[in-house]
Each structure stands twice: as structure tokens, then as C-alpha cells.
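Trainee: As a plain string of letters, each chain reads:
Number of protein chains: 2
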Amino acid sequence: MKRQWDRSPFLYPTPVVLVTCVGSEGKPNAFTATCVGIACEKPFFVTLSVHPFLYSYSLIMATNEVVINVPTDNLLEEVVYCGRVSGRKEDKFASKKLTPMPASKVRPPLIKECPVNIECVVKHRLSLGLHDLFVCEVVATHVDDDLFTQEGKLDLHKLKFLACIKATGEWRNLRVMYINQ
Amino acid sequence: MKRQWDRSPFLYPTPVVLVTCVGSEGKPNAFTATCVGIACEKPFFVTLSVHPFLYSYSLIMATNEVVINVPTDNLLEEVVYCGRVSGRKEDKFASKKLTPMPASKVRPPLIKECPVNIECVVKHRLSLGLHDLFVCEVVATHVDDDLFTQEGKLDLHKLKFLACIKATGEWRNLRVMYINQ
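Just so you know, the protein sequences line up as chains A and B, in that order. Per this note's numbering, residue 2 is the first one in the first sequence, and the count goes up by one each step. Per this note's numbering, residue 2 is the first one in the second sequence, and the count goes up by one each step.
Hint data in this document are derived by calculation from the structure and do not stem from the laboratory. Keep in mind that the hints are not guaranteed to be accurate.
Pairs count within a copy or across copies, as identical chains cannot be separated in the list.
[Unchecked claim] Only pairs whose alpha carbons sit at most 20 angstroms apart, straight line, appear in this in silico SDA-like list of lysine to any residue:
{"id": "1", "residue 1": "LYS154", "residue 2": "SER128"}
{"id": "2", "residue 1": "LYS90", "residue 2": "PRO29"}
{"id": "3", "residue 1": "LYS106", "residue 2": "THR64"}
{"id": "4", "residue 1": "LYS113", "residue 2": "TYR82"}
{"id": "5", "residue 1": "LYS3", "residue 2": "GLY24"}
{"id": "6", "residue 1": "LYS161", "residue 2": "SER96"}
{"id": "7", "residue 1": "LYS97", "residue 2": "VAL81"}
{"id": "8", "residue 1": "LYS113", "residue 2": "ASP147"}
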């Protein structure tokens with residue numbers, strides 16, 4: 002038997018990322034996002050959904066650029082913090098000792114501590130309700146050198162990704178888990 | 002140090018799902034998808050990216066309806082099969098003993114063996130390149146009864162989700178992993 006479910010879009014696990022953005026004044030911000038996904042594999046497109054009332058939303062709208070930084074499990078504390086605190090009041094890079102690094106093609110910075118950094122330009126935006134869906138073209142991706150073998154192959158065993166199951170639809174019930182590789 | 006990466010959109014792990022669709026002739030098909038994500042939490046929207054050359058693409062275009070069925074790790078063999086074989090030639094429900102169940106609001110069937118089934122109506126489509134991005138509104142979600150406690154609470158420990166890391170960009174390198182809860 003099955004029963005109806007109406008508390009969340011039950012599509013899990015989703016990636017957990019730290020998104021960086023920067024407004025016209027140039028001060029960067031970082032926020033935690035779990036409504037992200039791959040949209041196209043050639044050219045590379047990703048989706049990112051953002052609440053219009055977020056401080057970061059206004060920054061993204063000002064520049065149409067973001068960097069999606071993929072954290073690993075050693076950054077769990079920073080991920081939870083950047084999802085709870087608003088960049089209107091806090092400099093989250095300073096509070097959590099996250100190191101901004103210049104990106105190659107966009108204005109928002111990479112987060113050095115994240116092993117994967119995806120530079121994106123917003124190409125489409127759809128207002129769906131609580132979230133706006135940004136469809137973003139990937140213009141550059143950076144991966145930490147030490148994730149590669151001496152032969153230049155990517156060694157995924159070195160990457161301890163985070164994933165999210167947020168089935169009750171509430172942020173405080175976010176479950177971030179280590180993936181057993 | 003970081004190095005450039007140009008082999009895939011490096012946004013992992015993604016969910017692994019079995020999508021069902023049905024053409025105007027009524028014969029259902031199922032295919033494996035990993036380019037899916039949550040797009041909006043109120044109302045519920047999800048994204049699904051599909052190659053236009055897939056058999057299922059023509060079915061989706063005929064009805065604008067899909068069901069996203071979330072499998073667990075006991076369905077790994079079926080998931081790999083439904084990603085490799087075309088529904089043009091095979092009845093995948095019959096070959097893999099997947100049981101179609103009538104949906105409540107759309108024409109494609111639920112897959113009974115999947116513990117979560119998300120009925121969707123396509124509301125937007127963006128042609129991005131290799132993939133078209135379907136932005137789908139969730140019109141009903143069904144969850145297996147035995148995932149709930151006697152008090153009616155969802156017990157996520159009972160759900161052994163699959164996740165995908167496909168960093169080399171090739172299907173045969175799909176890595177499906179059990180998430181350690």
C-alpha cells in the first residue's frame with residue numbers, strides 16, 4: 002500500500018553546495034543550497050533555485066553570475082552556518098575562515114576550501130513560486146589538484162561528498178550524510 | 002592548487018530515478034535518469050533533463066506527463082538495465098518484472114516496486130543542447146506505507162537511496178552508491 006505525501010518534493014538525495022555571489026558593490030556572500038542539479042551535459046548547464054527574499058538573490062540578479070562550490074564532509078559546520086545566517090548582517094567568509102579566490106571568468110569568488118568550484122552565468126530564470134529557478138551555463142570548473150592520481154586520473158575515493166535528505170520540508174531537519182564509497 | 006575540469010558538470014551526488022512515460026498509444030516505458038533535481042518547494046516543482054533522441058522524449062512530448070519513481074538499492078540491477086536498453090525495442094516492465102500501477106492524476110504508471118512515486122506535469126521546456134530541461138509541477142506523491150512509523154512519522158532509515166557520481170561524463174562509468182545513514 003502507498004499513501005499520499007504532500008510535505009515536500011520527495012526527490013532525494015540532492016547535492017549540498019555553497020554558492021558564492023557578489024553584488025554591484027563587490028562584497029561577496031556565500032549561502033548553502035540544496036535545490037541544485039545537472040540540467041545539460043553538453044554544453045554544461047546546472048540549475049539553482051533561490052528564494053527571492055534572500056539577500057543573495059538580489060546579488061545574483063545584479064550580476065547574473067554565481068560560483069557553485071562543492072564542499073566535502075569536513076566542511077559540514079560551515080555548510081550548516083551558511084544556510085542559517087544571512088549575509089546582510091554577517092561576513093560569512095570572515096566568520097568561518099573561508100578563503101575567497103578569484104574566479105577565472107565571473108566576478109563571485111571561488112571558496113578555496115571546497116575541492117570543486119563551478120563558475121556559472123545565469124542564462125534563464127523561471128519564477129515558480131517560493132523559489133526562482135536559475136538555469137546556469139557552466140563557464141569554468143576547478144578541481145583540487147590532490148584529487149588526481151599521478152597519472153592524471155580523478156580519484157573519486159578521495160572525495161567525501163555531502164548529500165541532503167530534507168523530506169519534511171523544513172531546514173532544521175536537513176540531514177547531511179557522508180556517502181559510503 | 003586547482004586544475005581546470007572540462008569533462009562533466011561536476012555537481013554530485015545526484016538522485017537516480019526511474020522515469021515512466023506513456024505515448025498517445027498508451028504503452029508505458031521506463032528509463033533511468035540522473036539529471037533531476039528539486040526546483041521549487043511551494044508549489045513543488047522538479048527538473049528532469051532528457052536527450053531529445055531518446056524514445057521516451059517523444060512520449061513525454063506527446064503527453065507532457067511523467068512519473069518520477071525513486072528506487073532503492075535493491076533495484077540497482079533494474080536501474081542499470083533501464084538506463085542501457087531502449088524502450089523502442091524492449092518492454093522493460095516485462096523484462097525486469099516491474100509492476101505498473103495506475104497513477105492518480107497522470108497517464109504514465111507508477112512503478113510499484115519503487116517506494117516513492119512523484120506524478121508530474123511538464124510546465125516548461127528549455128532546449129539547452131544535448132539535453133532538454135523539463136520543469137515539472139508535482140501533482141501527487143505516493144510513499145510506501147511501510148516507511149512510516151506507527152505514529153505516522155516517516156522513518157528515513159528505512160530508505161536506502163541510490164545516488165550517482167558520473168564525473169567522467171560517460172554512462173558506463175556511472176557509480177551508484179548506497180548512502181550510509
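Trainee: All hints, please: hold or fail.
Mentor: Each hint, compared with the structure:
no.: 1; hint: LYS154 / SER128; verdict: neither (40 angstroms within a copy, 32 angstroms between copies)
no.: 2; hint: LYS90 / PRO29; verdict: within (13 angstroms within a copy, 52 angstroms between copies)
no.: 3; hint: LYS106 / THR64; verdict: within (12 angstroms within a copy, 40 angstroms between copies)
no.: 4; hint: LYS113 / TYR82; verdict: within (17 angstroms within a copy, 39 angstroms between copies)
no.: 5; hint: LYS3 / GLY24; verdict: neither (47 angstroms within a copy, 25 angstroms between copies)
no.: 6; hint: LYS161 / SER96; verdict: neither (24 angstroms within a copy, 36 angstroms between copies)
no.: 7; hint: LYS97 / VAL81; verdict: within (11 angstroms within a copy, 41 angstroms between copies)
no.: 8; hint: LYS113 / ASP147; verdict: within (13 angstroms within a copy, 44 angstroms between copies)
Consistency note: the structure conflicts with the earlier hints numbered 1, 5, 6.
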